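*Asks:* These protein sequence lines map, in sequence, to chains W and X.
Positions 1 to 685 (full-length UniProt numbering) are the ones given, in order, by the first sequence.
Positions 1 to 685 (full-length UniProt numbering) are the ones given, in order, by the second sequence.
Restricting the straight-line Cα-Cα distance to at most 25 Å, the calculated cross-link-like pairs of lysine-lysine (BS3-like) are: (1) W:439 <-> X:317; (2) X:263 <-> X:197; (3) W:564 <-> W:543; (4) W:69 <-> X:667; (5) X:148 <-> W:322; (6) X:257 <-> X:197; (7) W:653 <-> X:653; (8) X:653 <-> X:69; (9) X:197 <-> W:317; (10) X:645 <-> X:13; (11) W:653 <-> W:69; (12) X:439 <-> W:317; (13) X:653 <-> W:80; (14) W:148 <-> W:197; (15) X:645 <-> W:69; (16) X:317 <-> W:516; (17) W:516 <-> X:322; (18) W:197 <-> X:317; (19) W:446 <-> W:506; (20) W:148 <-> W:257; (21) X:69 <-> W:653; (22) X:516 <-> W:322; (23) X:506 <-> W:317; (24) X:148 <-> X:268; (25) X:86 <-> W:667; (26) X:317 <-> W:148; (27) X:667 <-> W:80; (28) W:564 <-> W:551; (29) X:257 <-> X:268; (30) W:317 <-> X:148; (31) W:148 <-> X:322; (32) X:257 <-> X:148; (33) W:645 <-> X:69; (34) X:653 <-> X:667; (35) W:653 <-> W:667; (36) W:69 <-> W:645; (37) X:69 <-> X:80; (38) W:667 <-> X:80.
Since the hints were made in silico from the structure, they are not lab data.
These numbers come from a predicted model, not from an experiment.
Below are the chains, spelled out letter by letter.
Protein chains: 2
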Amino acid sequence: MPPFIPPLSDPTKTVPALLSERALVSFSVESLTQFLHGETLIPQRRIRALLEQDPVFSNADKPFLSREKMYVRSLEKAAKLVEMRKRNEWSEEDMMVAMRMIGDSTPQILHEALFIPTLKTQLSDEQQKIWLPNYAQTELAHGSNLRKLETTATFIPETDEFEINTPTLNSMKWWPGALAQTSTHCAIYARLILHGKDYGVHPFLLQIRAPVTHAPMPGIELGNLGNKIGFNTIDNGFLRVHNVRIPRSQMMMRNSKVTREGKYEPAKNAKMNYSTMVAIRANIVRNAGFALGQALTIAIRYSMVRLQGGDRIPSLKGEEVKIIDHGMQRFRLTTSLALSYAMLMTGRLMFEMHRRNLKNVIQGEVGLMAEVHATSSGLKALTSDLATAHMEDARRACGGHGYSWCGGIVDILTTTLQDVTVEGENTILHLQTSRWLLKTILAALKTKDLSAVPAGLRPALQDAHILDQERATIVPGQPVSGETLIAAFWHREARVLQEVVARILKDGAGEEAMAKSQVRMVELSRTHGEGMLVRNFFEALAKEEQTLVSKGQNPTKGFLPVLKQLAELHAIHRLLEQAGDFTEDGYVSRRQVVWLRERREELIDGLRYEIIGLVDAYDLSDNQLNSAIGRYDGRVYESLYEWAKYGMSIMEKGSQGGVLGFDEVLKDVLAEGRRINGVVVAPKL
Amino acid sequence: MPPFIPPLSDPTKTVPALLSERALVSFSVESLTQFLHGETLIPQRRIRALLEQDPVFSNADKPFLSREKMYVRSLEKAAKLVEMRKRNEWSEEDMMVAMRMIGDSTPQILHEALFIPTLKTQLSDEQQKIWLPNYAQTELAHGSNLRKLETTATFIPETDEFEINTPTLNSMKWWPGALAQTSTHCAIYARLILHGKDYGVHPFLLQIRAPVTHAPMPGIELGNLGNKIGFNTIDNGFLRVHNVRIPRSQMMMRNSKVTREGKYEPAKNAKMNYSTMVAIRANIVRNAGFALGQALTIAIRYSMVRLQGGDRIPSLKGEEVKIIDHGMQRFRLTTSLALSYAMLMTGRLMFEMHRRNLKNVIQGEVGLMAEVHATSSGLKALTSDLATAHMEDARRACGGHGYSWCGGIVDILTTTLQDVTVEGENTILHLQTSRWLLKTILAALKTKDLSAVPAGLRPALQDAHILDQERATIVPGQPVSGETLIAAFWHREARVLQEVVARILKDGAGEEAMAKSQVRMVELSRTHGEGMLVRNFFEALAKEEQTLVSKGQNPTKGFLPVLKQLAELHAIHRLLEQAGDFTEDGYVSRRQVVWLRERREELIDGLRYEIIGLVDAYDLSDNQLNSAIGRYDGRVYESLYEWAKYGMSIMEKGSQGGVLGFDEVLKDVLAEGRRINGVVVAPKL
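Put together the whole structure using the sequences plus the hints.
*Replies:* Below, the structure is given as structure tokens:
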């Protein structure tokens, strides 16, 4: 096992640059950490401390491994997790926490393959739906469009079995994680064929590998997709099935059922599936916030240790400055930090919404479902887009060291990049949100009943001219209130909506009209999501303020005033980034744009000595960060050097024990060079 | 050697979807290819045809290799190139072409290490400056700031030697390509110390490895940095030097010199270095265009083969549609295509500018130099930012297959990502451009002599109110002329400039003022570069029109009208993407924004059946693309499947010949699972 190399941070050896930064933070980082993580903080820390005693969980070797070796290491980590779970009697929730705390991805499906009987009998309905489906759904030529899947499960009444087939090359299952090498069973999505009639796509449990030998079962072909841009610990694979029989009982019958006679019984509560999707997407939103937070922890700490430039500034007398003190660097990282917090707050509120909604659904009330589901779609798309874009920006802000795996951002960035595609491709999700919004509005316009329309959009629907009269109430030299900013985002959304509705109505208001307006519809969903991020941030802080007041604490002290500045910064920055949407109808004037820019600058300057606290509060350990430049103690350069030397010690060697390639190729090339050019030792210039 | 797998495209087997697309293109793709590549097209094709007969140049294995094996393969390719060069009597230029045509990166430095004597005697001055410097410059804790490098070269008069030292951990050389394992010599940048006096940083030739054994020379420590996000064929490394003596003749004395007595003779024509930088940056601009073109060739071909969605559109009767026919997909890819062509046209004009300027410089006229150099800085930054952002967008537009290496975009994207950092980090370059622009303007305002100010900015400097009166002349339902669009970008630049100048003047107009305005200065450089891209595209087409007319050809036929549409689309799209800058002062009105959006849509629709021709014209071979989904014949799915199977055949195996990890870890875990849960074969649900 690799040691924890470079040695984990020793807080007593923290570099002076970070010590002095931390001394200036105005709030208790621990309080903010508790606020961000809530009740999961204690188990997170307990479990992480346990994990980080065992070198199997060291991520130090990851920057140097091949895909094959990454996979082996992820298996080792998975195996150890299983062992620790048993030894420590972890709950299912503890296990989930552990998988988050290791700072790496393991084939969880392995876990499912081991424990399917346990899972089936012990997990709640909801957990089963989160963890069992999704395997072996996507086909080679078919993505998110379930209706077009070609795999079949044909009922054979004589033997009470289904016969599974992937009849064409294009219907081969393609992409499922852990399918290529790890899994013994999978849930396969196939068209249910009963007495020649197609009942649509349903999930079936399929054994794909034999016990002991692990060889593919008869009729099963399995394979590996090869390297990906990231997530290479996981063996994404393909699966072809040729005439494989399974007992009828292996259809997953929690929802729809097939009787012994081959009679179809449709699902009773299909809405539950939507509720699950909301939870998964809320998770992606929250992950987007933390993944960006991880990149920013690295980039901000590094920017406080790294010195560069400043030669031209006479007052510095030739001293180099921390790169965080270059205006552009501070601007990029502080605005990204505001975005990360906005996403965390929205993730938090989405979970609350999901829990409320789930309670309703269980009681048979599905009124909120469509809105909640549609909103979660667009937010998943918006936040995964924004998070990955800003993570990439943070990577670039680290210069060359950001390009290297030992910088630490590469791994988390390339892993998070899958979130723009999985669980619903982002463009398709935006279109879902927009379609829901437009249908709601078109129906409301017809019936004059606006109750289903989001409140902020109602005034403009009641009076079309109201948007032309509205003006933002931004004045110079003052903070911009949450109300003002929220109103601006509602105005913008209503304006985009007005244009899109006019277009759709002109084109006949049907699906063809919507298909013609995709670009603007995606824009509409984005504006909807941007508004949510802005509102939710302010709302979450208002709630926390109430909580503090009810506990008798002073809300004008501590982290809350700092987060309020961050919320204002987030809203102003998002507005300025899309200023055209706000200025094109004169809602925000040219002078107001200038004032907003000044206010943004003021906020960024005001947050200058808080930002180290804001990233420390994410509470990410050195092993989770796995970064030479983002470590807690700031010993960047020693760490880069030590880590590179360790990496060399585990590189694959050549036949003579030297660097792979030297004896094999380079030696002869160099010899030939010497033969042609003479010995090039100490050439005379 | 790997076969060319999947087999290279067979045009006679092209899928019907691409055949029908190609049949509809209105112009000769071959003519456009000739226009894009100019006189290099013939050698490019000749050399590529030679290379692609030899499986050593197959890139088919690359998606599956570890870093160590990628390096070995790159050595094999480099060795073969050297051999072919000799056999085919390639010129230096042919060799450069060959390195571009292999669709992979080899350690060119190997080539230099072999042929330094040849290079030194045979290359022109300019070529020497392009290919010799840049090695061993960056230090661990010091990036672009040459002045802060700590490595020393101290003259020892007694022995006529220099003693080289990297005195601290932070001054260790860090990052040079091919330094870790390949190079035998390097050019090391060190502070020249003569009789105790520091003369600043100069380059020295240093032997780092012994002949035959390839072991580091005494006093030399070398190492490898580990994996990077891309470019892993190249062994970026580090270098520490402890008291290493070299003869005085190993100082590189083409510019500054040191005599036997230790007397310093400064360089005579330092401006030449700037001219070289312009050439390198023009190359990055052009590469940005082609790299984005490579990603778009893949994404656009794939989007014409891939079917998805359309279920909701009644007129389609359940048929799936090519994803290019989804409005959002077409929008993303067509606007990116316009950007790629804009960058190619600007790269072309920059090379012309560079050649003109170089001629001037040689004749002692350096008047243009500052502008040309500053402009090239900002353009390098702008185009590398935009190209990589749009390449990533193209990758996402390919869904899951874009995430996989076999999709082909991952490799070119992660390789191109280094361009935002190397040859001047982008933020620093933008600031250089802005500083030059501001200094020019501030001087002109003082002297009232505007001759050094770019022409489009002069009117606003002569009369500050002119910007408030200007209005864009965009009318509905008509094409927007190049003049109108160029004027809009000048207006925007003048407006940003006005604000920045006011700010800087208010703050004292010195370096401290500029340091305080970094964010807006970067913005200023971006607007400057955006304007150049817009103007250059129209200008390059106007030139081509003249050329065609002078040859007696009809410029209203062929590719020229199509490229004109693309130039209009590019300018309109860039304007709309930053609409706030154009609408905040009312220069572009709200109605005009709507008309521009309509015109953009019209242009995208009009180009629908040209885009396959526009990407085919880049003339990239299947082996260069190295993509299962972007191949010329469109056989996407067969190729993905065949390629994955080939990849499995070269994966690293476990001790028992199976998948690495099964015998080592997974077997025991699964056995333990069976022991705990019983055999999970065919569980009854």
